[in-house]
Amino acid sequence: MKIAKHVLILLGLVGLIGILIPLAEVRKGPVAVALSAKDLTFGLEKTHAMLDRKLPASVERRLGYNVTSTRDDLKMVADGLRWAIYVFAPALLLVLVGCFAVMRRRLGRGAAFFALLFGLILLGTWIGLHYAIDYALAEADVKGMTIELRTGAHMLLVPAAAGILVGLAALIKPEPLPAPIRRPAPIMSPVPPPPGPAA
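Residue numbers (the numbering used here): 22 to 220.
Hints should not be assumed to be uniformly reliable.
Taking lysine-lysine pairs in the DSSO-like style, the calculated list, with each CA pair at most 27 angstroms apart, reads [to be verified]:
1) Lys49 x Lys164
2) Lys194 x Lys23
3) Lys49 x Lys59
Simulated restraints, written as ranges between beta carbons of each label pair [claimed, not checked]:
4) Arg103 x Thr172: 18 to 28 angstroms
5) Pro205 x Leu41: 32 to 42 angstroms
6) Gly149 x Pro201: 37 to 47 angstroms
7) Pro197 x Leu31: 53 to 63 angstroms
8) Pro51 x Ala159: 38 to 48 angstroms
9) Ile148 x Arg203: 44 to 54 angstroms
10) Tyr152 x Ile38: 18 to 28 angstroms
11) Thr167 x Leu41: 36 to 46 angstroms
12) Ala157 x Pro199: 16 to 26 angstroms
Keep in mind the hints are simulated off the structure, nothing from the lab. All values reported here derive from a predicted model rather than from experimental measurement. Glycine included, C-beta positions come from ideal geometry on N, C-alpha and C.
Using the sequences and the accompanying hints, generate a full structural model.
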């Protein structure tokens, strides 16, 4: 059980890597864009510039439909997903719980409760992403557009599982208090005998 706090840190960091990996793929017709949470939150201007890039005239003629409309729809969806990086906040909090437990040298019931809570929030976030995407597409009424969750979104499951399993295990059987550090008694040098009478 001593490794549990390190598992929280390690798997929480693995979940945070999902920020850099494509979170979702937005597709309308033959145009598809894979966007990471970092791109959506911090690189939205770059994403817009990429979507505005002029296609060769021969390609636009071949596509045979309004490319501008598709680009506008993709931009609208990217703007709607602007705050996607915040779905990874519970993974960061899980890492902090693990760091706190390492500093205290034990994973007690309090830290285990928060690990379980953040794990459940991560699982709920992953489930919520599926329903939120379907709801957003229905509300936007964009015909022919699909949004598919990619590896970045599924990376939320790694810290979710760590938080839930480690949290439950530590709630049931918390780590015992660490033994106090005992310092050895100082070694005294022998006291020299008192001086005797002068001979």
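Structure-based check of each hint:
1. Lys49 x Lys164: holds (8 angstroms)
2. Lys194 x Lys23: Holds. Lys194 to Lys23 sits at ~12 angstroms (cutoff 27 angstroms).
3. Lys49 x Lys59: holds (22 angstroms)
4. Arg103 x Thr172: 18 to 28 angstroms: holds (20 angstroms)
5. Pro205 x Leu41: 32 to 42 angstroms: Given about 49 angstroms between the Cβ atoms, the range is violated.
6. Gly149 x Pro201: 37 to 47 angstroms: holds (45 angstroms)
7. Pro197 x Leu31: 53 to 63 angstroms: Check failed, 23 angstroms falls outside 53 to 63 angstroms.
8. Pro51 x Ala159: 38 to 48 angstroms: violated (23 angstroms)
9. Ile148 x Arg203: 44 to 54 angstroms: holds (49 angstroms)
10. Tyr152 x Ile38: 18 to 28 angstroms: holds (25 angstroms)
11. Thr167 x Leu41: 36 to 46 angstroms: Since the Cβ atoms of Thr167 and Leu41 sit about 23 angstroms apart, the hinted range of 36 to 46 angstroms is violated.
12. Ala157 x Pro199: 16 to 26 angstroms: 49 angstroms Cβ-Cβ, so the 16 to 26 angstroms window is violated.
The structure does not agree with the numbered hints 5, 7, 8, 11, 12 stated previously, though it agrees with the rest.
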